[in-house]
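**Q** Residues per chain, in single letters:
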Amino acid sequence: DSGVTQTPKHLITATGQRVTLRCSPRSGDLSVYWYQQSLDQGLQFLIQYYNGEERAKGNILERFSAQQFPDLHSELNLSSLELGDSALYFCASSVVPLGTSGFTGELFFGEGSRLTVL
Amino acid sequence: GDSVTQMEGPVTLSEEAFLTINCTYTATGYPSLFWYVQYPGEGLQLLLKATKADDKGSNKGFEATYRKETTSFHLEKGSVQVSDSAVYFCALTIYNTDKLIFGTGTRLQVFP
Numbered sequence: 001d002s003g004v005t006q007t008p009k010h011l012i013t014a015t016g017q018r019v020t021l022r023c024s025p026r027s028g029d030l031s032v033y034w035y036q037q038s039l040d041q042g043l044q045f046l047i048q049y050y051n052g053e054e055r056a057k058g059n060i061l062e063r064f065s066a067q068q069f070p071d072l073h074s075e076l077n078l079s080s081l082e083l084g085d086s087a088l089y090f091c092a093s094s095v096v097p098l099g100t101s102g103f104t105g106e107l108f109f110g111e112g113s114r115l116t117v118l
Numbered sequence: 001g002d003s004v005t006q007m008e009g010p011v012t013l014s015e016e017a018f019l020t021i022n023c024t025y026t027a028t029g030y031p032s033l034f035w036y037v038q039y040p041g042e043g044l045q046l047l048l049k050a051t052k053a054d055d056k057g058s059n060k061g062f063e064a065t066y067r068k069e070t071t072s073f074h075l076e077k078g079s080v081q082v083s084d085s086a087v088y089f090c091a092l093t094i095y096n097t098d099k100l101i102f103g104t105g106t107r108l109q110v111f112p
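If you read the sequences in order, they're chains A and B.
Just so you know, we're using the working numbering here: the first sequence kicks off at 1 and counts up by one.
Just so you know, we're using the working numbering here: the second sequence kicks off at 1 and counts up by one.
Accuracy of the hints is not assured; some may be wrong.
Stated by the list, open to error - Straight-line Cα separation of at most 25 Å, SDA-like style, residue types lysine to any residue; simulated pairs:
1. B/Lys56 <-> B/Arg67
2. A/Lys57 <-> B/Gln45
3. A/Lys57 <-> B/Thr104
4. B/Lys52 <-> A/Ser101
No wet-lab data here; the hints were simulated from the structure.
Please construct the entire structure, taking both the sequences and the accompanying hints into account.
**A** Have a look at this one:
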């Protein structure tokens, strides 16, 4: 158990709909990361937050948005869903963020939220 | 740009066979290198790491050596077990950047 909790574990929805994925990081971790894992594109970095502030952005579509709340949990919002958005969405956390001298290289991943868009 | 290239899978082995999963990288700065493992139904977890050239990372019988001259970080294990069946990801970070770049993953299947 990594200590990172993601809900829901599975989600089935229709094209055009909107969903919210939730992540609770490990206790004490201030940084949260979102990744998308699909069969054809591997593991893609979406966005990173540190202590409530956006720190880095990757290949995140404009239809997607995220935020980190004062209690450090994070939500990833996916809207106007398309078939191609079907994927496994991972949240990860670390004590210090990537790109800082204190970063050890270890991200702690949740078990993922599997989204199926029909 | 910075990237990681892994051998395509699946890699299929019998128990106790020797394992090599190749990983090469391209990096503009000074990378640290990692192997993550994803067991079925779980998230990724760090397996081992190496932060500078010639470092060897090791854990659970797996080893990988950071080879700057060949820009490689191949994962090896002398005798695999069925429980090693998983997807293995090579990854790198560049010092003082926000990048953690993963390879596409290599699925390992070990049969008794």
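**Q** The structure should be examined with respect to each hint, and the outcome stated for every one.
**A** So, going through the hints one by one against the coordinates:
| no. | hint | verdict |
| --- | --- | --- |
| 1 | B/Lys56 <-> B/Arg67 | 9 Å, holds |
| 2 | A/Lys57 <-> B/Gln45 | 22 Å, holds |
| 3 | A/Lys57 <-> B/Thr104 | 20 Å, holds |
| 4 | B/Lys52 <-> A/Ser101 | 15 Å, holds |
The structure is consistent with each of the numbered hints, conforming to all of them.
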